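Protein chains in written order, with this note's numbering: chain A, 21 to 286; chain B, 59 to 436.
Keep in mind the hints are simulated off the structure, nothing from the lab. It should be emphasised that the depicted structure is a prediction, and the values quoted were computed from it without experimental measurement. There could be a bad hint or two in this list.
The following residues of chain A were derived to be distant from chain B, with all beta-carbon distances above 10 Å [what the hints assert, rightly or not]:
{"hint": "1", "residue": "Ser132"}
{"hint": "2", "residue": "Leu195"}
{"hint": "3", "residue": "Leu252"}
Just the calculated beta-carbon pair ranges, DEER-fashion [said to hold, decoys possible]:
{"hint": "4", "chain 1": "A", "residue 1": "Ala212", "chain 2": "B", "residue 2": "Gln204", "range": "13 to 23 Å"}
{"hint": "5", "chain 1": "B", "residue 1": "Ala233", "chain 2": "A", "residue 2": "Pro209", "range": "45 to 55 Å"}
{"hint": "6", "chain 1": "A", "residue 1": "Leu46", "chain 2": "B", "residue 2": "Ala233", "range": "21 to 31 Å"}
Glycine is no exception: its CB is placed at the ideal position from the N, C-alpha and C atoms.
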Amino acid sequence: MIGSEGQRTGLGTLALYGVAGLVLLLLIAPIVIVAIVSFSSAESLTFPPPGFSLRWYERFLALPGWRRALWVSVQVATITMVLATLLGLLASLALVRGRFRGKGIVYAFVLSPMIVPTIITAVALYFFFVRVVGTGSILAMAIGHTVLALPIVVMVIASTLQGFDSRLEMAAFSLGAGRLTTFRRITVPIIAPAVLSAGLFAFLTSFDELLIPLFLAGVEAETLSVRIWNSLLLEVDPMIAAVSTLFVVVTMLVLGISALLRRAGP
Amino acid sequence: MAAADAVAAGQSSGAAVRIEGLTKQFGRSKAVDDVSLDIDPGSFFTLLGPSGSGKTTTLMMVAGFVHPTAGEIFVGGRPVAGLPPQERQLGMVFQNYAVFPHLTVFQNIAFPLEVRRTPGADIRRRVGEMLELVRLSGYEQRLPRQLSGGEQQRVALARALVFRPRVLLMDEPLAALDKNLRTHMQGELKQIQQRLHVTVVYVTHDQEEALTMSDRLAVMNQGRVVQVGTPGELYEAPASLFAARFLGESSFIAGTVVDAGDGSAARMRTGAGVELSGRAASPLRVGQAVLAGIRPEKFLVDGAPAAGMNHSPGRVTGAVYAGDTTRYTVDIGAGEAVTVKLQNQMRARTRAAGDAMALSWHPAETVLFPAEAAAHGG
Ligand SMILES: Nc1ncnc2c1ncn2[C@@H]1O[C@H](COP(=O)(O)OP(=O)(O)OP(=O)(O)O)[C@@H](O)[C@H]1O
Ligand SMILES: [Mg+2]
Numbered sequence: 021m022i023g024s025e026g027q028r029t030g031l032g033t034l035a036l037y038g039v040a041g042l043v044l045l046l047l048i049a050p051i052v053i054v055a056i057v058s059f060s061s062a063e064s065l066t067f068p069p070p071g072f073s074l075r076w077y078e079r080f081l082a083l084p085g086w087r088r089a090l091w092v093s094v095q096v097a098t099i100t101m102v103l104a105t106l107l108g109l110l111a112s113l114a115l116v117r118g119r120f121r122g123k124g125i126v127y128a129f130v131l132s133p134m135i136v137p138t139i140i141t142a143v144a145l146y147f148f149f150v151r152v153v154g155t156g157s158i159l160a161m162a163i164g165h166t167v168l169a170l171p172i173v174v175m176v177i178a179s180t181l182q183g184f185d186s187r188l189e190m191a192a193f194s195l196g197a198g199r200l201t202t203f204r205r206i207t208v209p210i211i212a213p214a215v216l217s218a219g220l221f222a223f224l225t226s227f228d229e230l231l232i233p234l235f236l237a238g239v240e241a242e243t244l245s246v247r248i249w250n251s252l253l254l255e256v257d258p259m260i261a262a263v264s265t266l267f268v269v270v271t272m273l274v275l276g277i278s279a280l281l282r283r284a285g286p
Numbered sequence: 059m060a061a062a063d064a065v066a067a068g069q070s071s072g073a074a075v076r077i078e079g080l081t082k083q084f085g086r087s088k089a090v091d092d093v094s095l096d097i098d099p100g101s102f103f104t105l106l107g108p109s110g111s112g113k114t115t116t117l118m119m120v121a122g123f124v125h126p127t128a129g130e131i132f133v134g135g136r137p138v139a140g141l142p143p144q145e146r147q148l149g150m151v152f153q154n155y156a157v158f159p160h161l162t163v164f165q166n167i168a169f170p171l172e173v174r175r176t177p178g179a180d181i182r183r184r185v186g187e188m189l190e191l192v193r194l195s196g197y198e199q200r201l202p203r204q205l206s207g208g209e210q211q212r213v214a215l216a217r218a219l220v221f222r223p224r225v226l227l228m229d230e231p232l233a234a235l236d237k238n239l240r241t242h243m244q245g246e247l248k249q250i251q252q253r254l255h256v257t258v259v260y261v262t263h264d265q266e267e268a269l270t271m272s273d274r275l276a277v278m279n280q281g282r283v284v285q286v287g288t289p290g291e292l293y294e295a296p297a298s299l300f301a302a303r304f305l306g307e308s309s310f311i312a313g314t315v316v317d318a319g320d321g322s323a324a325r326m327r328t329g330a331g332v333e334l335s336g337r338a339a340s341p342l343r344v345g346q347a348v349l350a351g352i353r354p355e356k357f358l359v360d361g362a363p364a365a366g367m368n369h370s371p372g373r374v375t376g377a378v379y380a381g382d383t384t385r386y387t388v389d390i391g392a393g394e395a396v397t398v399k400l401q402n403q404m405r406a407r408t409r410a411a412g413d414a415m416a417l418s419w420h421p422a423e424t425v426l427f428p429a430e431a432a433a434h435g436g
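Build the full structure now, drawing on both the sequences and the hints.
Structural data, given as structure tokens:
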């Protein structure tokens, strides 16, 4: 009895590890292969690469169009981060702390961009902004991305606020601190790690996103994602792999910082 | 303790707190129902009661975090109704300490002084004095997560005292500590309170804590104050079955009134036919069903029958040895049993189940409660 039980558990564990390993492999393998190819010395995409070189990275940095795209992406993502964090913080405070009617509806409304397909949002924003500012506006793209990032920011900050021990604020009041002092010196420092990591998620949401800039970028302000998309339509060379690898590195860095922030938090 | 004296020197002594007809209604139920209390300046006052009896709500109304439905609160003779918590100048210690997790011990204690724009040199001196008072000198730069529960509680206490509040409010501040540390902190708290002459309003549901620490205490039940008095008054002369049951331990013997007495002294006959004298908790009439409450340590055993004492024969049905004392369950006939607690002195004969035990006790230590009160008493 015990033996067969043990046997079954052993087999089950083995199967579990097998499946989990396969899934991880499927998730990671493309990234690893792309990273390897990006250091290729070959003229075209071949795997395994015949030799090692940094030529595709040099090429990327040498081409002004690509450099400009990177700069546009960084600007859009940074503005998105600031806007989404600010609005998200205020919205979270209202949703968690406020007392007003229809709170549930407002919450659902703030989260709705997660449910609406991005392409719909993108088309809608296109028709709006094309009339107001035309295409190629960095601010317009950032506003579009803010719409997409807001639900994530609100979810992260609201869950932290919900877990916030309101007795800390009561203690501060009883010690003579006013509302503003308490917010500035007690509430903000304690929720800061969550707010910062929400901001980083907003940055990533924008940095990775293709559809909204695809509609709004025009030729004047291509983001990195749009430029990758456009160049894939024309030709495929190992430089795309180099750009993709840079993308992954940026993403990992941001996620790493956010993980560190969370650990530093209370 | 030099620090305590230095602190006490700068401390205006505690303020009186007066509560009149305080009521708080949540929806249909009254969490606090017409509570009136007079708390002497510089005294240690405790609100004692079971869970949900309205202790925290009362304290929160004094602190200003809960708005009363009705009633008034005066601190140092002045009504505080219009003041927000930050202007009431009351120190407050919470059950979970509420120490600011991102600030060091020093910064936590300096916080109330900083928001009052106290000069830096004064802050350093006064925080230093407080740290000495709560015996945390040397811990200035630690963060709360590097402190034990007891140490965090001391930080919370120092922080609530450093701005010299005239009243200190504490809501079950020791409930999260283990038994030994709790006893130790009780002593320290009491000592600090006496040195600083600060008025303390203390909430607990631990009756032993309430008895040992308070100058006066109020027993609360279902939002109402059942009885107010010194620990001695409440223990020796409970005014209701609820107070008798909640504070300390009592045995209750059922019977009927044979002599209502002159308002306080009365006589009753038990089911076993024994007549007992006692003090009536409230006016009685002949024939009324009553319960005689007696504390377990009030019984004398096997003494010569003295005039004026209550007597009852009994038989031991159980004995629990507890080191200093032994607790006996004694059958006194007609299905009634009492608990008798005896010191284990050298001469004392320990008894076993089945042994006879003749009990006597003083009428002054017998309180007669109307039995119908039992229905809503406890
Ligand atoms: N904000 C509130 N809304 C509705 N009911 C409340 C609220 N706060 C307290 N109550 C109710 O009021 C009653 C008294 O609560 P309170 O917290 O004052 O009791 P307590 O004596 O402090 O109890 P404990 O010993 O458990 O802390 C309880 O029945 C509680 O459910
Ligand atoms: Mg309570």
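Each hint tested on the structure:
no. : hint                            : result
1   : Ser132                          : 34 Å, holds
2   : Leu195                          : 4 Å, violated
3   : Leu252                          : 47 Å, holds
4   : A/Ala212 / B/Gln204: 13 to 23 Å : 20 Å, holds
5   : B/Ala233 / A/Pro209: 45 to 55 Å : 28 Å, violated
6   : A/Leu46 / B/Ala233: 21 to 31 Å  : 53 Å, violated
Checked against the numbered hints above, the structure breaks hints 2, 5 and 6 and satisfies the rest.
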